[in-house]
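Colleague: First to last, the sequence lines map onto chains G and A.
Per this note's numbering, residue 1 is the first one in the first sequence, and the count goes up by one each step.
Per this note's numbering, residue 1 is the first one in the second sequence, and the count goes up by one each step.
Hints are supplied without guarantee of correctness; some may be wrong.
Stated by the list, open to error - Computed cross-link-like contacts, DSBU-like style, restricted to lysine-lysine with a CA-CA straight-line distance of at most 35 Å:
1. K685(A) to K135(G)
2. K28(G) to K258(A)
3. K203(G) to K75(G)
Read the hints as simulated data drawn from the structure, not as lab findings.
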Amino acid sequence: MIHLIKKFKIAGLLALSALVFYTSSCNKDLEQFTEPVISNAGTLTLTEAIAADPDNSLYNALLAKSGMAPLFSDKASLFTMFVPVNSGMKLFINVISGGLVDINSPDAVFTGFISANIPAATAAALISYNTIPQKVTSGQVPTIFPNYEYPTILNPTGTSTTAGFNPFARLTTFPSRRGTTLWVDNIPVTAIDIPVVNGVIHKIAVLVAPPTKYLWDDIAASTDLTYLKAAIIRADSGVAVAGRIQTALSSFGANLTVLAPTDLAFKQTLTGAITQALIPVVTAQLIAFGLTPAAAAAQAPAVAFAQASALASSPGVFTNPALFSALTAQTVRGIVVYHVLSAQTAPFFPPGVRIFSVNIPATPTTVKTLLNSSPLAALHPGLSVQATGTGITVKGAANATPSNIIFPADRNALNGVLHKVDQVLLPL
Amino acid sequence: MRKIASYMLALSLANILTIAVFAQSTTISGNIVNSVTGESVSAVSVTLRGAPAGTFTDDRGNFKISFNQKLPVTLLISSIGYALQEVVVNNTSQPVKVQFVPANSLGQEVIVSATRVAQKILESPVSVERISAAAIRNAPAANFYDVVATLKGVDVTTSSLTFKTPTTRGFGGSGNARFNQLVDGMDNQAPGLNFSVGAIIGLNELDIDNIELLSGASSALYGPGGMNGTMLMTSKNPFKYQGLSFIVKTGINHTDGKERPASPYYNWSLRWAKKLSEKFAFKITTELIQAKDWIGTDYRDYDRSNAVLKAGSRATDPGYDGVNVYGDETFADIRQVLSGIALQAPFLGPFISSISANPINVSRTGYTEQQILNPNTVNFKLGGSLHYKITPGTEAILAGYWGTGNTVYTGASRYSIKDFKMGQYKFELNNKNWLVRAFTTQENAGETFNLGATTQNFNEAWKPSPGATGWFSQYGQAYLSSRLSGASDLDAHTAARAIADVGRPVVGTAAFNDIYNRIRRLPVPKGGALLDRTDLYSAEGNYNFSSVTKSFADILVGANFRRYLLSSQGTLFADTAGKIGINEYGAFIQASRDISSHLKITASGRYDKNQNFKGRFTPRITAVIKVTENSNIRLSYQTAYRFPSTQMQWINLDLVSYKLIGGNKAFKDIYHFNTNPAYYRDSLKNGNKVVKDFPTLNPEAISSFEVGYKGLLMETRLLLDVYGYYGQYTNFLARTEVAQSKTGGPITQADAITGQIYSVPINSTSKVKTYGFGIGIDYRFPLNFSISLNGASDNLTDVPSNFIASFNTPKYKANATFANTGFGKAKRLGFAVAYRWQDAFYFQGDLANGNLPAVQTVDAQVSYKLPRSKTLLKLGANNLLNQYYYNGVGNSNIGGLYYFSVGYNVY
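Bound-form chain A, shown alone:
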């Protein structure tokens, strides 16, 4: 309490200083409290009727507003969740006391993402979901990304404790290049690694004003990439949200000791915002998460050449390749060793030939994820911004978000994202009618390493695979020796492994750590490190001509420019010769017009050009039909597209078992595909030899129709939202495997296994179709009880049989939330229980494919408010029943997380 008191002192001092800066004639001060609970209400808009003056209440509910008008004046007091209130002020001698009355806010929220112009969510022409700060406050989630998962039609792939990737309408996965995440207008994608890092480098929970989520094709407004949706996270403006806030969240996970002993979870976040004058405000935000991560514990046997799970274990399959076991990707047919022995010892020849009818594939002994992955996940975020109002309507913002941390990502292998750093810095000028923004994303992969490649190379560093004294030679000799003693095939393999593995470094010993730490710092292919330092520079602007063109239509135009600068010193991209630049630019125009009082039509178009690809125009047309005052039907035809990601263009990663390469034409020369052609691996396996040519890739596009209805029913207690969509992809981007002769000689069928394998990006020629629907119901009961139910279905059809679409989305999923934001004495208690179910589906990932069983989770929280000290106590659980689940083959197995938090000034 003493601490809080000192904060109060600092704050009041700051208020006094603020007053000194005022220079206007009349000043009204006041205080706003909740009429039910008596607690002060912060961030309430206080404006003067008929004048531009306006302000927000501070964290104690106090406001001061100055103007040049004569008394009496009318103050308009408004905030989401409260009834609009008008207060007439006749004199300034006494502070104005406002009893602010809570009101049902269902369907009253304002969104900007759907058209880049503020509008009521009920009138959005496309499907949009919104999460307010209040919703996050009462959500049963330790991390606000989990709240996103409760929205209709949203899937979140959880790679680890802090790595969560949302998507809508398909294509779940750790790295999702079809779904944009924007933080304060900045694309949050790590430009080199191609995944959005909002969960680890972005806003902290306290600084979120709102999250808007556009489902489906949305790139007509937000540029390439938003094929499946765009999530816009908007931070709290320090002019509006002031004061010091913090949350100290302490928790525990691994309570059942299944993966590791129970371990603490810490999540501390802090935000301090200060309005120093009516012109200048700033904020500082920071967050620290520290915990023991979830790990991947899928030890099933994977048949990598056919990309399916199979029966077997280390004990029963000599060629075992466990999903979350690394290093065992290296294998060899030990018949090479045996036939060598037969040459030396001809009397064993017949015996050896009798056991050599089929390949004897043996894999190196691997290490499990649990053994090699440092479980400490640390995430530190630091952000801040300076806001200066050049005029009352024009604000200049200088903002930066920087973060560092350790987490785990699932790509072609599991990646330990270690000491990863990313900074996003922007300068923005905005006005009611226009906006100019420039930002850069500076990425540094730190000591990030690939578990598979690192462990494979670790094994080589300890004992090389090939050679007369190599691991496979030792294994083959020991195997034969055991067979010659009558051991069964399996026992001989077990004995052989024991002999070849003599002296194998034990996890945790100095011998292990010395080698492992050396190898993981070496870039692939000798180690497993990614030295990615890719940067993105972007500038954009838009102008709303509505004030001029109002009589005819509301017109909005905008343009942007992006430059990627790939830098990995040849460890991730084909950039050994120096950084690779990629330029993209685009422009859009949008016009909307109220055709009648019941019909509004909006048309927009966007043109984008990437230096490596043909330009592309994407149109969008939407209509909103007003059925009643509070219900609308929406219709839209949207197109979206994406250029191949930076990795799809330029990646050049030797994963030991195969090479992952990009689609840029430069690779033709790098790997001599003109003189030593590559063949489709599938075709080679079947004995056909189909040459893979390397045409320039085309951007992937989707055209989508959507119809929806959103309306308030039953005296505005029920909000119903339904939608259905149908879309068609063209030039669908995926990957395929090709094989090339290692010697440069003519290709043979055996090269499908023993040749150089490449994974190359391709455009599918078939028209892949997608369709789905969603329905959501929110009902507000009396006494603040509410229930939300939603369900959605997403489908992909006409996928060619040999095509890996990685749609990775359940056919059906549903959420149910039962909550109360205030009940009991003085409505201090709150709770929420959220249940989620998703159907089983077949998962296709770069790491592994396999069936994902249905998943059910229950999250819950109870909270208690202490209004006087502005404290919010919360006891919560994510995955309350500790029912481990995973939502990607090879991803971490997620159990229960139980936490208790103390929040101060959480608004």
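Okay, chain G solo, but in the shape it has when bound:
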């Protein structure tokens, strides 16, 4: 074969070769189509923009510590980053150092703390939680009540090399907008829409720390929420694990807002309720002891109150067999789910809502609860919430007065947010 080619070449291809390789572009190549060029606003990358702003110097130190700067230098990626100003970083460091780093220390002290005391992994988690993997300008944050859920780039299950890693697990963050005012979770945004090549920066007042535990862990560990814990356990009795409230409060996928009545609130409500239940019983007993009906009726409330106070003096009230008929599991369940808020307007996923205190409007606003997810109670009016200017009130349908959200509110957890309230909310 080769010798034929050779022979052929010798035969005279040489003479033609000049013409053969003479390529004056005579026939057009394939007609090509121009693709539109996508232009990004801004000239600096996220990394560069942070480094260039002196008011972000402490966050920049945190970014340096995290080792994530190269990711945010990638011009092809798109991120929205909530960047705390230096005063916010100082406050954060003051808190996590347990006050050891004085808020008025020179910047160098803070950078030194970041460098020496915050592990790289922690720094990375902090940065990641303040970063949304898409470009969200202030105008793109919906004004819907209460807020909009965005995934951050923080994957709590670890990295792709970690066992049990789930690539879709993400801690989420909750930007909200009212007019031009922005919050992320409960933290105000102080400057919006700083353009960068690979996304946008919003400056925030304080670093938003990622949650570390589940709602249930918070409830179980809180010394003033022992009644709530007992009530949840009572409510779940006889229910399969998957359907339990405790399970939901311990699940990563959930997104719940829990209004948590304190022990004091439970005591008051239970004492009152048990007293009312006991008065006829005590009255009958006193008459049996020989008191006149009038005297019995006059003394009974005090006696009943004393007995009720004793019964309601500990969370054991929910496990007291004597009260099983009064506090049935179903009754308790009804009360507990009335304290868990739910959205009714979710686009295509199960209802869940995380309402931060800053999201609550000044006008009374109705919020549905998980009670509404029962077909029997679907039309229940829910709760009414309102920011009054001095505080935030929540009123149950059967409560005489609104209860107050106890500040500091906004106990953010992996699967929701918890606000303590000073009354048990009563659906009916």
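Go by the hints and put chain A onto chain G.
Modeller: Same frame as chain G, now just chain A:
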């Protein structure tokens, strides 16, 4: 040389044997040589004045003629290209030596195609072109089909190195059902695949006596199909052309390594013909072509739902569907995957909905034509015939042409025609006044497969598209995962593809070949193979009553019968239940009369009936006005029609993305269009729901007027031929897309995309019009230099806006050829340079639509004759400047082919 000498010995032995068979009284032998070059002249007609005796010179220029007449006699010596010579012979003792004088043959050629009766080309009543064996010999073409492209008004679509499809007056394309190709009277169309295969299974270059090409409507004489023209290829009769001939052509293509490394081209052809007696002759012909084929390298992005090219590449368009990239026709909207994830991980719901506003169409990763197509193109032809003269005027012929090969065809996808076999066998009896012919075409598609369907199914075989662990699910998950890490949309797609494609078989590995070779052998829809074994049986005859009716008119009558037997085991046609037969028959009559010495009128009519369609009558009337002895004006009104092709009637091909079906009423039941109606896809897209009904198709027809002039001017040195035509199509056959609900539920707008899509044949109700003109000039300079210039224009108008006509013809095209058949010392040198230009136009094909840029090509050859050894050396180039061009979107990109050939006894 030793070989040649042995051939000579064999030949002279054969001559001696021949003499022994002679039984007549007087024999004259002689030899004819060219008076200029001294070389012997073969195939020269030698007849006896006043007697029926006649013979031809053999390949050494020798002749022997026997007769019962007394001396002296006059021999008439004639051959195209030489002056007629009369030689008076007084005695037989010495062989007659004839110095044959070359002469200008311009306009002297004889054609038969125009009226089925031999006549001078100058007097043809319709536009006709002729290519003689001599023209092919001096043409700058590696393949004689390329010579056809230099004729006026002809377009040739090149699908691959060996797959060339000529047409005239529009409708270029790989498969052209509007243009007939006849080889020795046999329709050369592969009966199941509906394309003519003359370039791969037909005559070889050495065996071509002549090619005649009728432009425009010609079915009045040659039966249904010749809407746009008919090409008649006639082989050399072994009584006339004798001896051994061969051409060894060796070449090289891909010289610039653009598509693949430079590779050799081999084309060997051989013909051996022998007249064993005055009654019996035979010939054997064979040809082998082996080369690395051209390939389709159009990697532009194709928007299949709107049938337009668009911006984008595999790197920038996740839904990329490259024209010559296969397997990427499979696509899905990965929002299905994302919304599934949102249900599992509700916290991602808002994010997913924020990126799901518009469809996220993603296509499977394809393979390029270069990667999957075996570049070896092999073509082997074998033919032969036995000729027996029952009487001196009646000849019986038994002939067969068989071929096999690999080539590439462009249809709805690109098809690798692999180990394709087709045989054509005929028996013919012909006489001056009548002809009876029966032939059959036996087709076997071999391992032919559809690149698109095969590769789509290959992808499925490697990793299925649907399912929780399917390719799209993996892709969607990886895409979302990347997006959640901040990757840009495009980067996320790139990363997702990389993950979904992990383990994707690499071309050339055993893993790839194992799957691919298995899939390509499975019939569609599971693979890509076509198991076509369709056959055609045909019989025809005609009788010329002129000898009886001469005083009144020349009358010719004829009739034919055809039977198609579709056989694809359900892989191409709806023939799962068994072979489908289609019968067609027709008859024609033609009468011509010289009204005066300056006017000849010919009228013909033809009636055809197909069992599935109404019968149809097609008339033709022509007039030739003789202006001077050597110039004529021709006028004609012709009608032509075609029945829907076998595929238009019965195809049932699941191309995965859509189903290509025929128009036979049986499909109504097969796909339940009565209970689950199909809707025009266009209408559905716009929100209108227009039901497609399925009426019986009508044959397509064209009525055409033509006027032309052909004349020899400037002392017969200039041949001028001009024509203009106007035609109107009725019941124009085309295809349209319809959509049907997959579930049987009510149709929705979304079904335009997600429903079952069918491509169905339809008749257009509008009158599509066509017109054009052509002009050709041939000028003979002294010393054998000649120049040919021609240009033509073809147009189609009144095409409805939503109608895909696939006219596929440039508005203007032109050819120029400068040549010399003999110059220099003893006129041994020859050369030819041919230039072709065609205008840009918008191409519409089943594979893809798009703009075709203007094309220019230069072909050239130089040759040198060695008369003593009867050898012709030729150095030539097709597409000399190696300027790649393509003449159909998705077709192979054709570069330069350079060759050197040694021809022996090429006449």
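Colleague: K203(G) and K75(G): Cα distance at most 35 Å?
Modeller: This hinted pair holds, its Cα atoms lying about 20 Å apart.
Colleague: Starting from K685(A), check that the Cα of K135(G) is at most 35 Å away, please.
Modeller: Given that 35 Å is the threshold and the Cα spacing comes to 33 Å, the pair holds.
Colleague: Under the criterion that the straight-line Cα-Cα distance not exceed 35 Å, is the pair K28(G), K258(A) satisfied?
Modeller: With Cα atoms ~15 Å apart, K28(G) and K258(A) stay inside 35 Å; holds.
Hint check: no violations occur; every hint is consistent with the structure.
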